[in-house]
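**Q** Working from the sequences, and respecting the hints, build out all of it.
Chains as they are written, first to last, in my numbering: chain A, 600 to 1059; chain B, 17 to 302.
The set of hints was computed from the structure by calculation and includes no laboratory data.
Hints should not be assumed to be uniformly reliable.
Covered, in the sense of this in silico footprint (three residues per stretch, anywhere, with C-beta under 8 Å from a C-beta of chain A), are these stretches of chain B [stated by the list, open to error]: (1) 119 to 125; (2) 177 to 189; (3) 258 to 271.
Here's a subset of chain B near chain A, in silico, CB distances under 7 Å, partners left out [as the list claims (entries may be wrong)]: (4) P156; (5) V236; (6) M279.
The following residues of chain A were derived to be distant from chain B, with all beta-carbon distances above 10 Å [stated by the list, open to error]: (7) R694; (8) G702; (9) D784; (10) T787; (11) E789; (12) R823; (13) L847; (14) D881; (15) T893; (16) I924; (17) A957; (18) Y971.
Note that CB positions come from ideal geometry on N, CA and C, so glycine has one too.
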Amino acid sequence: MSTSNPSRRRSLTPYFLIAPTLVFLAAFFAWPMVQGLILAVHDDEALLPLVAVASVEGDRTGELSQGAAVEILGQQGNTIEGELTSDLLTEQWFRITGVGTDGAAVDGWAPETRIRVRDEASDGTPLAGTVRPRLGEGAEPFTDVLAEPNERAEVTGALDDRAEVEITQVTVLEVWFNVRGQSNDGTTIEGWAPSRFISAFESGEEGRVDRGSDGEFTLRFVERMFNDRFFSPALRTTLLLMAIILPLQFLLAIGMALIVHSRLKGGSGWLYVFSLPMGMSDLAVGILFFAIFTSNGLLNSILDLFGLIDEPQVFLSADTRGWIIGAIVLAELWRATSIVMVIIVSGLQAIPDETLEAAELFGATYWKRVRYIMLPLLKPSLLVALILRTILAFQVFAVVIALSGGEIVTVLANETFRQYFSLRNNNVASAYAVFILLLSLASSVFYLRIVRTQDELASR
Amino acid sequence: MTTTSPAAKTTVEERKPPLTLGRIVTYGAAATIGVWILFPIWFLFSLAFTTPDEVRSFPKSVFPFTPFSTETMEFFLTASGVGAGLVNSLIVALVAVVLSTAIAAPAGYAIARYLFPGRNIFRLTVLAVRAFPVVVLSIPLAVLFIRANLFDSIISVAIMHTVLTLPTTLLVIASVFASVPYELEEAGQVFGASPWQSFRHIVLPLVLPGIAASAVLTFVLSWNEVFAASVLTIENRTLPALILASLGNSSPAFQFAGGFFLMIPSIIFMFFIRKYLFNLWGQVSK
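**A** Below, the structure is given as structure tokens:
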């Protein structure tokens, strides 16, 4: 792009002008991309740390993996970290006042298991109750009252069985489990974890780590992608389509560009028609070619018109993968050749008329001018078009869905979509996305390398 | 003027090459490619404007439109969800146009008019973002929007489309500004206009058509985009996402009318922006 006499003053103005773009791209491009890369190799819920006491401040005793079997040794309440959601396993604690065993007034906390509520406000808030007696011989006759709603808190007093108390405050605590299980390195560890991460079996004595609260870097999702049964068909089809489409497309595009460039009558009309598919939705083009290849579509109608078939042929079915691939190739040729053509025409326009006229004066035929002048000078444009089309070819999606339903013939973009949308597996979907990104980068670098090597060979 | 224009026309005609065999072949090739591009569109057009019975029939007339009817198109437009999808598509496209033009125009001006340290890095970054795969960006953005409770909202689709179109808009606007000689701006200032006045009264009128063309292009890109829209929404689908989701369980009449309906904006708008197509791609290779 030429800058016609841009201002050479050093000033901050251009930075102010580009700032909104930078901020927007940072927020909605760079940041999500980094997150996406991490998602592909990081399991946010892989590990569940256990702590020595039922508190977030407790010392870590070790980590259990997601899915590990655990023994549940005990439970107690703890302040809820984060939001109170309905699926949490909770217990209530009451702040109570009453007369203690020593006759003095007592004020403190006790769990709901120790207090029977006798009086409630109209909205269900407990107002008063009595201390539950402990049953059995030799049972502790007193109930401790604690300074905080926590079993480890300091004891502030004790109450007799059946003592009457007033309930002044209610708090909801999340249940923590004391569990024992095997960590990854095979050692048995014991510790506390919030119950939300553990699904307890019916007995209440055994359970399983449902999900972890700590992440770990893992290649699990990448492996799952490679082992997915649709992975290699998708990759093979994507590469096959590319190998068929790109050469045909470039031949056609160069032809179209030479036609547009050869100053036919009605110049911009031809350009309009030739570039028409460029602005079209890939989904619409997929539907368009479905209308052609479907069993009562255009192709069968034409064959029937010339008496070539007795009854409509089925082109788009599981038994006719070749026809589906052919239909996708035609649809992509129809749809995406225009953009290559426009890039090449831009390149042709940059070739000075004098150069071509000089060649003509020296007797070069049209084909010689194309072969020895235009094409070499078009190399940068062709390279740009090739990189762009390759990147786009890795993303082919709606055309394939429209023509094959996404099952019989599948491509990488479709698998990304399936993992994300149907299987709800963001991590594997991200792994696919990263894979497509790496393929795109690798092919771009590959093209640039080839061109540079050629240039080096030529300059020798 | 009226006396000179016929003469000017003859000189242009004279410069045209004579009709040789090569020219005839060129016209033949051009016509063939024209038919290859136009005939499928014509076929879908005729399916969209006939009766649903004709859509199901076989064999179809190769030169269809028999009988001409708006029934199929009406069937599509009145199908459940299509109205809402259309409104969503329009809102998303308009928000994307406004956002990407508003954000990109100043940056485009900066690239065209200023030489500043970092200018090339900035341009290359923008180019890289433009070549970036939609598929790759959609998934992380969807996850991010879920965390931000913006999932299944058309705002999230609009933001995604703005990311997709911003680089193109920026480069087009930059090339449009670059095509207006800086001397014009300077001349304005020499004659006593403030920098803002000379921008407002000299540059702006000259670049508005180009900026309008880039806005049209943004609109078409957003209108067409289906992958990100399908990933980011479930209930509040845009029109292409809705059609894609219903491909498996809708009638051919619905699909063909829907397919043609999706093509309409590009058919109209490409006509107006065809001159600017080279602004879109011309500068990439330099």
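**Q** Should the hint that P156 (chain B) touches chain A count as held when the rule is a Cβ pair under 7 Å?
**A** 3 Å, holds
**Q** Beyond 10 Å on every Cβ pair: is that true for T787 (chain A) relative to chain B?
**A** Given a closest Cβ separation of 36 Å, the condition holds.
**Q** Confirm or reject the statement that I924 (chain A) sits farther than 10 Å, beta carbon to beta carbon, from all of chain B.
**A** 18 Å, holds
**Q** Just double-check D784 (chain A) for me: nearest Cβ-Cβ distance to chain B has to come out over 10 Å.
**A** For D784 (chain A), whose nearest Cβ neighbour in chain B is about 31 Å away, the distance exceeds 10 Å, so it holds.
**Q** Is the nearest Cβ of chain B still more than 10 Å from the Cβ of R823 (chain A)?
**A** 15 Å, holds
**Q** Against chain A, run the beta carbon of M279 (chain B) and see if the smallest gap drops under 7 Å.
**A** 5 Å, holds
**Q** Please check whether the beta-carbon of L847 (chain A) is more than 10 Å away from every beta-carbon in chain B.
**A** 13 Å, holds
**Q** Verify the interface restraint on V236 (chain B): the C-beta must sit less than 7 Å from at least one C-beta of chain A.
**A** 5 Å, holds
**Q** Confirm or reject the statement that E789 (chain A) sits farther than 10 Å, beta carbon to beta carbon, from all of chain B.
**A** 34 Å, holds
**Q** Minimum C-beta separation from Y971 (chain A) to chain B exceeding 10 Å: can you confirm that?
**A** Non-interface label stands for Y971 (chain A): nearest chain B Cβ at 18 Å, farther than 10 Å.
**Q** Does T893 (chain A) sit more than 10 Å from chain B, CB to CB?
**A** The claim breaks: T893 (chain A) does not keep its Cβ more than 10 Å from every Cβ of chain B (closest is about 7 Å).
**Q** Could you let me know if the closest chain B CB is still more than 10 Å away from the CB of A957 (chain A)?
**A** Given a closest Cβ separation of 17 Å, the condition holds.
Of the numbered hints given earlier, the model fails hints 14 and 15; all others are met.
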